[in-house]
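These protein sequences, in sequence, are chains P and Z.
When we follow the numbering used here, the leftmost residue of the first sequence carries the number 1, and every step to the right adds one.
When we follow the numbering used here, the leftmost residue of the second sequence carries the number 1, and every step to the right adds one.
Since the hints were made in silico from the structure, they are not lab data.
No residue lacks a Cβ here, since even glycine has one placed at the ideal position from N, Cα and C.
Treat the hints with care, as some may be off.
Unchecked claim - Cβ-Cβ distance ranges computed for the label pairs, FRET-style:
(1) Z:V198 <-> P:S137: 55 to 63 angstroms
(2) Z:P211 <-> P:G242: 22 to 30 angstroms
(3) Z:L50 <-> P:S137: 47 to 55 angstroms
(4) Z:P109 <-> P:R214: 38 to 46 angstroms
(5) P:R288 <-> Z:P211: 43 to 51 angstroms
(6) P:S137 <-> Z:P39: 53 to 61 angstroms
(7) P:D304 <-> Z:P211: 30 to 38 angstroms
(8) P:R20 <-> Z:P109: 25 to 33 angstroms
(9) Z:P109 <-> P:D235: 40 to 48 angstroms
(10) Z:L206 <-> P:S137: 52 to 60 angstroms
(11) P:D13 <-> Z:R124: 26 to 34 angstroms
(12) Z:R124 <-> P:E253: 23 to 31 angstroms
(13) Z:P211 <-> P:T126: 20 to 28 angstroms
(14) P:D183 <-> Z:P211: 30 to 38 angstroms
Claimed, not checked - The calculated lysine-lysine pairs, modelled on DSS-like cross-linking and capped at a C-alpha distance of 30 angstroms, are:
(15) Z:K212 <-> P:K130
(16) P:K108 <-> P:K130
(17) P:K130 <-> P:K172
(18) P:K110 <-> P:K130
(19) P:K108 <-> Z:K212
Stated by the list, open to error - Only part of the chain P face toward chain Z is listed, based on derived beta-carbon distances under 8 angstroms:
(20) F88
(21) T126
(22) S137
(23) F218
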Amino acid sequence: MIRIDAVTKRYPDGTVAVDRLSLEIPDRAITVLVGPSGCGKTTTLRMINRMVEPSEGSILLDGQDIRQQPVNTLRRSMGYVIQNAGLFQHRTILDNIATVPRLLGWSKQKARERAAELMERVGLDTALAKRYPYQLSGGQQQRVGVARALAADPPVLLMDEPFSAVDPIVRKGLQDELLRIQDELGKTIVFVTHDIDEAIKLGTMVAVLRTGGRLAQFAPPAELLSAPADPFVEDFLGADRGIRRLSFFPSAELELQTAPVVAIDAGAEKLASRGAAPYLLVTDVDGRPLGWGAPDDLTAGEIDRDRLLPYGRPFVPGTDSLRTALDGAVLSPTGWAVAVDGEGRAVGVVSQQVIGEAVRAAHTAGRPDAKAAR
Amino acid sequence: MSGFFDIPSDLQNSYFGLIGLHLREALLPVLAGLLVSLPVAQLCVRFRWLYPPVFGVTTVLYAIPSLAFFVVLIDYTGQTETTVMIPLAVYSLVVLVPAIVDGVRSVPPETLAAATAMGLGPVRRYLQVQLPIAVPAIIAGLRVATVSSISLVSVGMLIGNQGALGNLLHDAQIYNRPLLAVNSVVTTAVLAVLVDAVLVGVRVLLTPWMPKERAAR
Ligand SMILES: Nc1ncnc2c1ncn2[C@@H]1O[C@H](COP(=O)(O)OP(=O)(O)OP(=O)(O)O)[C@@H](O)[C@H]1O
Ligand SMILES: [Mg+2]
Numbered sequence: 001m002i003r004i005d006a007v008t009k010r011y012p013d014g015t016v017a018v019d020r021l022s023l024e025i026p027d028r029a030i031t032v033l034v035g036p037s038g039c040g041k042t043t044t045l046r047m048i049n050r051m052v053e054p055s056e057g058s059i060l061l062d063g064q065d066i067r068q069q070p071v072n073t074l075r076r077s078m079g080y081v082i083q084n085a086g087l088f089q090h091r092t093i094l095d096n097i098a099t100v101p102r103l104l105g106w107s108k109q110k111a112r113e114r115a116a117e118l119m120e121r122v123g124l125d126t127a128l129a130k131r132y133p134y135q136l137s138g139g140q141q142q143r144v145g146v147a148r149a150l151a152a153d154p155p156v157l158l159m160d161e162p163f164s165a166v167d168p169i170v171r172k173g174l175q176d177e178l179l180r181i182q183d184e185l186g187k188t189i190v191f192v193t194h195d196i197d198e199a200i201k202l203g204t205m206v207a208v209l210r211t212g213g214r215l216a217q218f219a220p221p222a223e224l225l226s227a228p229a230d231p232f233v234e235d236f237l238g239a240d241r242g243i244r245r246l247s248f249f250p251s252a253e254l255e256l257q258t259a260p261v262v263a264i265d266a267g268a269e270k271l272a273s274r275g276a277a278p279y280l281l282v283t284d285v286d287g288r289p290l291g292w293g294a295p296d297d298l299t300a301g302e303i304d305r306d307r308l309l310p311y312g313r314p315f316v317p318g319t320d321s322l323r324t325a326l327d328g329a330v331l332s333p334t335g336w337a338v339a340v341d342g343e344g345r346a347v348g349v350v351s352q353q354v355i356g357e358a359v360r361a362a363h364t365a366g367r368p369d370a371k372a373a374r
Numbered sequence: 001m002s003g004f005f006d007i008p009s010d011l012q013n014s015y016f017g018l019i020g021l022h023l024r025e026a027l028l029p030v031l032a033g034l035l036v037s038l039p040v041a042q043l044c045v046r047f048r049w050l051y052p053p054v055f056g057v058t059t060v061l062y063a064i065p066s067l068a069f070f071v072v073l074i075d076y077t078g079q080t081e082t083t084v085m086i087p088l089a090v091y092s093l094v095v096l097v098p099a100i101v102d103g104v105r106s107v108p109p110e111t112l113a114a115a116t117a118m119g120l121g122p123v124r125r126y127l128q129v130q131l132p133i134a135v136p137a138i139i140a141g142l143r144v145a146t147v148s149s150i151s152l153v154s155v156g157m158l159i160g161n162q163g164a165l166g167n168l169l170h171d172a173q174i175y176n177r178p179l180l181a182v183n184s185v186v187t188t189a190v191l192a193v194l195v196d197a198v199l200v201g202v203r204v205l206l207t208p209w210m211p212k213e214r215a216a217r
């Protein structure tokens, strides 16, 4: 465990970047430091690998002061990833990744084998191995940065806004990839970002820092959303924290209705027997949703696919959260969300009303399911 | 004995002998200048305040005419190649020091931070990261320094035939063979172009990592 103990950093010009900060960073989990620009996130991160030395206080790694081992030994036991990757432009991708193993005295051959293995792990085509950084996209470079940090299998990974320079779609891919790698490797990760959504998505624990380098709140993301410590944290979380909190509640318990789901080849009397639902969800013969139609239009004769209303974004009960389900209902012109299984076949529909009741029930029950966040 | 390539016997050298001499007198000073510039430039990068005075000194040295150097040096090193090469080495500093400083400073801060964070100490950081990335800038400096050195060697003729190809200019006058002067000028120019091309080739070999469109410059 990394333990930051009453650490203060005062730069020579008098700037207090971090002010009596204490944090217990849990092992094998992602701890996110988040806060507005200049609140001391980078400074805090760099104190952990001694690129910045604290003015007061101490940092313990597994109970031992980090100053007790040689600085470069400490650094080689901690992977470090930064914005824009900071790759060595004069080295091939493979040699970039092999840097720390080589420093640790591995043979060139072994270091390169390891590097190739890591390229696959972070989702890079090994055909890129002999390329130079300028020949890669920003997202690929960032993956190389992650692979390079993981190369010597360090127990600790320090990441300073690693995904902030890429576009939102690539960023989402990188975040998902990080969560997947973390599931496999279980590193102790300290992750810096100024993006609260990223913090909530990735963090097992989130530390919100305020300007002046003081800790505002240190809590799991669901708790942050449900019980912000003060107006600063609440403000930082943004306007829709209630909605975002729903991502911590599972959609598995939603009661689905199957009566309004009909296949496109269903006969007229079958359609007529579908009760009083204002709309029916029409699926193709395999059960994949096509769109909504009013019962009267549907019984009039051949179903015209082009006249069906769009059904918004479906959710997968059990995998997706209440937030996704609600989003599906809001996006759907009929106000009903469509539930599908893993193969995309409709398994039922659920109204906004029912989702609303589930939301209220979740709030009273209080204890969100941390797993549903992903 | 008065053809284009017939060298007067007072120079005690064949045409190709003169070329070899010329290259040695021009390139050794640049090499010496490079060896001095590397540590000086590194100090200038490490201690920022040092750079302006160092730059000032190299500029002042560059402004001293070579004749003045010769007058002083001749008492110590005599009418020798060394006397010609010392000022040339000093002149090369004015290009090489800024070139190396700029090159090393051009390393992106996040690259340096990454190197530090991975546990590269200052020496490794310099040799494995800063210097290789500075290679294009250093070679750009070397190109200017060598070309100017090749043309400056000729002044060595002023101290008793130590100007290699430059001596032909003097002989052209005393033997009334204007072709020798043409030979001197053309050969010197061709040498400069060839050496420059070699340096460009070295740069290309050393920097496969440069984007092609940037390398074209
Ligand atoms: N070397 C330094 N010397 C003096 N002040 C510094 C130095 N580095 C950072 N600071 C100051 O310390 C404060 C915290 O800086 P830090 O880089 O840790 O912020 P940050 O939270 O990472 O910000 P950002 O989100 O913009 O990266 C800022 O006010 C900054 O100006
Ligand atoms: Mg920062």
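Review point. Any of the earlier hints contradicted here, and which numbers?
Key: The structure breaks hints 1, 2, 3, 4, 6, 7, 9, 10, 12, 21, 22, 23; every other hint is satisfied.
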